[in-house]
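Chains as they are written, first to last, in our numbering: chain A, 23 to 109; chain B, 23 to 109; chain C, 23 to 109; chain D, 23 to 109.
There's no promise every hint is true.
When chains are identical, the list treats them as one kind, so a pair holds in a single copy or across two.
Restricting the straight-line Cα-Cα distance to at most 27 Å, the calculated cross-link-like pairs of lysine-lysine (DSS-like) are [to be verified]:
{"hint": "1", "residue 1": "Lys28", "residue 2": "Lys81"}
{"hint": "2", "residue 1": "Lys81", "residue 2": "Lys46"}
{"hint": "3", "residue 1": "Lys81", "residue 2": "Lys109"}
Rather than coming from a laboratory, the hints here were simulated on the basis of the structure.
Number of protein chains: 4
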Amino acid sequence: MMADSKTILRLLKTARGQLDGILKMVEEDRYCIDISQQLMATEAILNRANKEVLAAHLKHCVQQAASPQERNEKIEEFVQTLGRILK
Amino acid sequence: MMADSKTILRLLKTARGQLDGILKMVEEDRYCIDISQQLMATEAILNRANKEVLAAHLKHCVQQAASPQERNEKIEEFVQTLGRILK
Amino acid sequence: MMADSKTILRLLKTARGQLDGILKMVEEDRYCIDISQQLMATEAILNRANKEVLAAHLKHCVQQAASPQERNEKIEEFVQTLGRILK
Amino acid sequence: MMADSKTILRLLKTARGQLDGILKMVEEDRYCIDISQQLMATEAILNRANKEVLAAHLKHCVQQAASPQERNEKIEEFVQTLGRILK
């Protein structure tokens with residue numbers, strides 16, 4: 023889990039740094055289109071973080087489930103998350 | 023698998039029917055905002071179909087993998103798909 | 023408007039062709055991950071069609087509005103559509 | 023512009039607060055599915071912020087353009103942004 027959480031923390035800290043920059047851009051009344059682009063760049067980083075989080079879930083919780091029942095529950099839960107992503 | 027593919031086929035046929043309707047709307051030069059809304063409704067249906075397809079994959083291929091190695095490969099493959107969804 | 027609607031019709035017809043292919047893939051019980059990829063490719067085409075539709079709206083209805091009031095109404099309407107895209 | 027930027031700043035600050043919470047969740051090794059849900063909630067807020075930024079652009083820069091040429095340029099620029107959102 024350690025390797026995964028390092029990557030995730032790095033992505034989240036990058037996103038937070040960008041968000042601080044965007045707050046400053048809004049306060050300085052910078053050009054809307056530039057602000058919008060920075061927002062989309064930040065969301066792309068959060069999407070990558072989300073992908074890493076969900077990949078870690080599949081690799082750890084689903085792969086290493088103690089029983090088929092437990093694995094089934096983990097998959098069901100994951101499918102619900104997938105439904106929120108693909109809405 | 024039968025139950026899943028019935029749902030998926032039903033969603034895809036609904037999407038195709040909507041797409042035919044949108045083609046007609048464009049040919050009849052209907053109002054852009056109405057066309058855009060129908061396009062988004064169709065994409066929402068395709069997203070639901072995609073969720074059902076991926077749920078079927080997790081429930082069948084991942085859950086019923088013959089070995090931990092095979093399960094691992096299926097999960098890796100799924101994670102790549104997740105990366106395309108969350109880009 | 024003609025040039026725009028030609029592009030939009032071409033994109034929609036491509037999407038419909040792909041959707042027919044996906045229906046066949048599901049009926050033939052093809053591999054889930056391949057079906058999912060084709061679904062995402064089709065959605066990407068519908069997204070491009072939606073972009074063209076909304077660009078046409080901005081270029082025609084907003085740009086050529088008869089009065090500032092009418093332009094304001096068209097922009098408000100567009101902003102509501104934007105809210106549905108960015109939800 | 024003031025009213026718009028207040029809303030945008032409020033949304034961005036909320037997103038930053040949530041991101042700090044998510045960083046803590048990852049450090050505390052909290053459950054992946056819960057982290058993923060918080061990430062999606064944060065992205066939904068950034069999407070709303072982006073919608074507000076782009077709405078402000080349309081209402082100010084496009085609506086109040088000094089000439090049809092300037093308005094045309096602003097619309098072209100907006101359409102490019104739309105292409106990035108709908109990719």
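How the hints compare with the structure:
Within a single copy, Lys28 and Lys81 get their C-alpha atoms as close as 16 Å, which meets the 27 Å cut-off; across copies the closest is 30 Å, which misses it. Taking identical chains as interchangeable, the C-alpha atoms of Lys81 and Lys46 lie at most 27 Å apart only when they sit on different chains, with a minimum of 22 Å there against 39 Å within one chain. Within a single copy, Lys81 and Lys109 get their C-alpha atoms as close as 24 Å, and across copies as close as 20 Å, so both meet the 27 Å cut-off.
When held up to the earlier numbered hints, the structure conflicts with none and fits them all.
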